[in-house]
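Novice: Residue numbers (our numbering), protein chains in the order written: chain G, 2 to 417; chain E, 2 to 417.
One thing to keep in mind: the hints can contain errors.
Remember, identical chains collapse to one label, so a pair may be satisfied in a single copy or spanning two.
Said to hold, decoys possible - Here are the simulated PhoX-like cross-link-like pairs (lysine-lysine), alpha carbons at most 20 Å apart as the crow flies:
#1 279 to 363
#2 357 to 396
#3 5 to 74
#4 235 to 224
#5 321 to 7
#6 18 to 400
Calculated from the structure, these hints are not laboratory results.
Protein chains: 2
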Amino acid sequence: MALKKKPVTGMKDILPKEMEIRNYVMNMIRETYGKFGFTAIETPCVEHIENLSSKQGGENEKLIFKILKRGEKLKLDTAECEADLVDSGLRYDLTVPLSRYYSNNASQLPAPFKALQMGNVWRADRPQRGRFRQFMQCDIDILGESTYLAEIELVMATTTLLGKLDFHNFTIRINDRKILKAMAQYSGFPEESFDTVFIILDKMDKIGLEGVAEELEKEGFSKESIDTYLGMFKEITSDIEGVRYCKEKLRDVLDPKVAEDLETIITAVDSVKNADFKISFDPTLVRGMSYYTGPIFEIAMDEFGGSVGGGGRYDEMIGKFTGQNTSACGFSIGFERIVMLLLERGYEIPTSAAKKAYLIEKNMPADKLLPILKQAEEERKNGVQVNISIMKKNKKFQKEQMTAEGYTEFVEFFNK
Amino acid sequence: MALKKKPVTGMKDILPKEMEIRNYVMNMIRETYGKFGFTAIETPCVEHIENLSSKQGGENEKLIFKILKRGEKLKLDTAECEADLVDSGLRYDLTVPLSRYYSNNASQLPAPFKALQMGNVWRADRPQRGRFRQFMQCDIDILGESTYLAEIELVMATTTLLGKLDFHNFTIRINDRKILKAMAQYSGFPEESFDTVFIILDKMDKIGLEGVAEELEKEGFSKESIDTYLGMFKEITSDIEGVRYCKEKLRDVLDPKVAEDLETIITAVDSVKNADFKISFDPTLVRGMSYYTGPIFEIAMDEFGGSVGGGGRYDEMIGKFTGQNTSACGFSIGFERIVMLLLERGYEIPTSAAKKAYLIEKNMPADKLLPILKQAEEERKNGVQVNISIMKKNKKFQKEQMTAEGYTEFVEFFNK
Numbered sequence: 002m003a004l005k006k007k008p009v010t011g012m013k014d015i016l017p018k019e020m021e022i023r024n025y026v027m028n029m030i031r032e033t034y035g036k037f038g039f040t041a042i043e044t045p046c047v048e049h050i051e052n053l054s055s056k057q058g059g060e061n062e063k064l065i066f067k068i069l070k071r072g073e074k075l076k077l078d079t080a081e082c083e084a085d086l087v088d089s090g091l092r093y094d095l096t097v098p099l100s101r102y103y104s105n106n107a108s109q110l111p112a113p114f115k116a117l118q119m120g121n122v123w124r125a126d127r128p129q130r131g132r133f134r135q136f137m138q139c140d141i142d143i144l145g146e147s148t149y150l151a152e153i154e155l156v157m158a159t160t161t162l163l164g165k166l167d168f169h170n171f172t173i174r175i176n177d178r179k180i181l182k183a184m185a186q187y188s189g190f191p192e193e194s195f196d197t198v199f200i201i202l203d204k205m206d207k208i209g210l211e212g213v214a215e216e217l218e219k220e221g222f223s224k225e226s227i228d229t230y231l232g233m234f235k236e237i238t239s240d241i242e243g244v245r246y247c248k249e250k251l252r253d254v255l256d257p258k259v260a261e262d263l264e265t266i267i268t269a270v271d272s273v274k275n276a277d278f279k280i281s282f283d284p285t286l287v288r289g290m291s292y293y294t295g296p297i298f299e300i301a302m303d304e305f306g307g308s309v310g311g312g313g314r315y316d317e318m319i320g321k322f323t324g325q326n327t328s329a330c331g332f333s334i335g336f337e338r339i340v341m342l343l344l345e346r347g348y349e350i351p352t353s354a355a356k357k358a359y360l361i362e363k364n365m366p367a368d369k370l371l372p373i374l375k376q377a378e379e380e381r382k383n384g385v386q387v388n389i390s391i392m393k394k395n396k397k398f399q400k401e402q403m404t405a406e407g408y409t410e411f412v413e414f415f416n417k
Numbered sequence: 002m003a004l005k006k007k008p009v010t011g012m013k014d015i016l017p018k019e020m021e022i023r024n025y026v027m028n029m030i031r032e033t034y035g036k037f038g039f040t041a042i043e044t045p046c047v048e049h050i051e052n053l054s055s056k057q058g059g060e061n062e063k064l065i066f067k068i069l070k071r072g073e074k075l076k077l078d079t080a081e082c083e084a085d086l087v088d089s090g091l092r093y094d095l096t097v098p099l100s101r102y103y104s105n106n107a108s109q110l111p112a113p114f115k116a117l118q119m120g121n122v123w124r125a126d127r128p129q130r131g132r133f134r135q136f137m138q139c140d141i142d143i144l145g146e147s148t149y150l151a152e153i154e155l156v157m158a159t160t161t162l163l164g165k166l167d168f169h170n171f172t173i174r175i176n177d178r179k180i181l182k183a184m185a186q187y188s189g190f191p192e193e194s195f196d197t198v199f200i201i202l203d204k205m206d207k208i209g210l211e212g213v214a215e216e217l218e219k220e221g222f223s224k225e226s227i228d229t230y231l232g233m234f235k236e237i238t239s240d241i242e243g244v245r246y247c248k249e250k251l252r253d254v255l256d257p258k259v260a261e262d263l264e265t266i267i268t269a270v271d272s273v274k275n276a277d278f279k280i281s282f283d284p285t286l287v288r289g290m291s292y293y294t295g296p297i298f299e300i301a302m303d304e305f306g307g308s309v310g311g312g313g314r315y316d317e318m319i320g321k322f323t324g325q326n327t328s329a330c331g332f333s334i335g336f337e338r339i340v341m342l343l344l345e346r347g348y349e350i351p352t353s354a355a356k357k358a359y360l361i362e363k364n365m366p367a368d369k370l371l372p373i374l375k376q377a378e379e380e381r382k383n384g385v386q387v388n389i390s391i392m393k394k395n396k397k398f399q400k401e402q403m404t405a406e407g408y409t410e411f412v413e414f415f416n417k
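Isolated chain G (complex conformation):
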């Protein structure tokens, strides 16, 4: 029987060249985040269907790859709906499994717990260029740290990583969900409409201030609210002066500590940073997921024309699951986008190991093969990469192919 040669729809085979970049980035992630005290953990790729359908996943819950029950548990003849057929699914993110992991293992984990997760997630999204149905996510989370130390460390770790991967001139956009809400409240929008307002605000970078005003009008919000709201965005600068403006202006609806903490985060990152980026206050930053409770942030990169990562504080999520409140803050980098950018750039991985190819004439007698193998072992022990092949008829082509693979030195062995 012939195999289906292509991967399943929306997923991809990873060729050696890309794999080399992926492994390099993964090593850099482990090394860099490790220096900040994050420890790697792993959860199964398969998760209880109940946990995946717990409403924490938003739109992603519609994209689950569901797994059929097995053996006697599968009762096809009496099954009435999909839910009767499945008991689990592939995880669509690493946050829901992290919550489960933490509630299952907290007694064996340090407090605060600084977790690093790198793993595949699956979403049955419509296939499109550059987006795949299996992709790697890379999250760091600090659980049990209620102060802004968590935000500062997350942003420092992430920007240090990006710097080491040779990214420059990017921007960390930062806001706080509490400022976002206070601005809407101050402007007189009804609280039950906040989400509608934020969905429109989120389009600011695409449709501009006028576009946002138009859409808010279409929704039927009062002219006064809209004017007050947009008036503030015109006033607010993207530095700590902007934060101070919010603190002053919103003093009746916002705990001043929220603005003070945000100022501290921005100041700290700005003065400690060791990579080439800027951190800017952006009151239009929304971040889709409703579970955020405090500071939120996103990485903007001109080169990419969009976000290559983001995160924020979600102090109420784990408690909802476990019954015990646990402050939590996380930062997820867009691993696939970073790999894509490095590939497009033709990024050369810094390597020190020499790569040698041994070409051995065909039918070399066993006794003459031995010293060659010993020589290879000796070289490998000294750190050299040695690839032994049988010499082909078309030796020229063979060498060209190996040169493309990065082999710079050829040693030929003949039977004579």
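Using the hints, position chain E against chain G.
Specialist: Same frame as chain G, but now just chain E:
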């Protein structure tokens, strides 16, 4: 809604301590196999159900986690059997996906192609201690190399790796499927019964020579065949003399080149090896999968009391799938067993980086926090791992906990 806290049946959360060992082993694998010229590749975890059910997977095909069709393709009301409901499944090994990968991408791959795969596979096995339904496999394969150079390199790479991971005194058992068959043929067993004979022979290390004789008798084989067969096993030594005995004894039913090649492999490995193991000819080695066509091998380790890896030549498998014959030989190490052995042994990962914990008094004002963060950045740049935490009321317990995590130095910062 409360989460289900435990992982799904048969799968596990990986705690930091184990994860550290896993990452260490994975790095060692990439580094060691890399020196032999193996390049990492990856295939999707999800595979076409047709490919998974192609009869190459033997018993594993009964253990597939199957994935439900999605959207309009799922027609629950007209579905009559399981096959109508699913279009894909989780891979149960890395060999079937490798065959698909090779047939899909051969034009972009070097020849011969030396592939390294590390990835999870899933089998809905009955859960039991130490065996999980999601586990990591780690395979190296050489595609397109027809000579014994492939076997030698695979065994050398694998044993070098085990040596670096501090394993000693293990044994590489080696045999050839052609010798296995020739011995059965020489003894007069009918060819259609070979598989039955081999299944019984495979129990030799558990039930001994008498046990094997008994079971063969029970199956109704002639006393003469059984006597001839077992007589040979008594004669054959586990060194190259044993191989030479087979070459001589089986000369009418075995191409002498098979024995000569096996002798070369054993001699080469034995004289080039740089780890503490022995390689021995074992005519009772069967290896379950029917796709093997030539030399087969297995790692035996007293410490574990069983196999911690194995492989062999399977020259006909890829051709069956792709229509184009491609010689192939692979070696799979038991990643999970190796990790388990290292954990049980209390293996300490060699590390050079210092681990420091900064403890900061609660409510440290922002201006006093900055120099501390700068100091941490400076240290991290110099290779030190620095974990910053807020000082807890029970500082003693906090320090104990961090000491257990490997932090050897504590720096305390107070607001005064």
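Novice: Each hint should be assessed against the structure and marked as holding or not.
Specialist: Taking the hints in turn, this is what the structure says about them:
For the identical chains of this complex, residue 279 and residue 363 are neighbours neither inside a copy (60 Å) nor across copies (28 Å), given an alpha-carbon limit of 20 Å. Within a single copy, residue 357 and residue 396 get their C-alpha atoms as close as 15 Å, which meets the 20 Å cut-off; across copies the closest is 55 Å, which misses it. Taking identical chains as interchangeable, the C-alpha atoms of residue 5 and residue 74 lie at most 20 Å apart only when they sit on different chains, with a minimum of 19 Å there against 30 Å within one chain. Taking CA atoms no more than 20 Å apart as the test, residue 235 paired with residue 224 passes inside one copy only; the shortest distance there is 16 Å, against 98 Å between copies.
When the C-alpha separation of residue 321 and residue 7 is checked against a cutoff of 20 Å, the pair qualifies only between copies, where the shortest distance is 16 Å, while the shortest distance within a copy is 42 Å. Only within a single protomer do residue 18 and residue 400 lie at most 20 Å apart by alpha-carbon distance; the minimum there is 18 Å, versus 44 Å between protomers.
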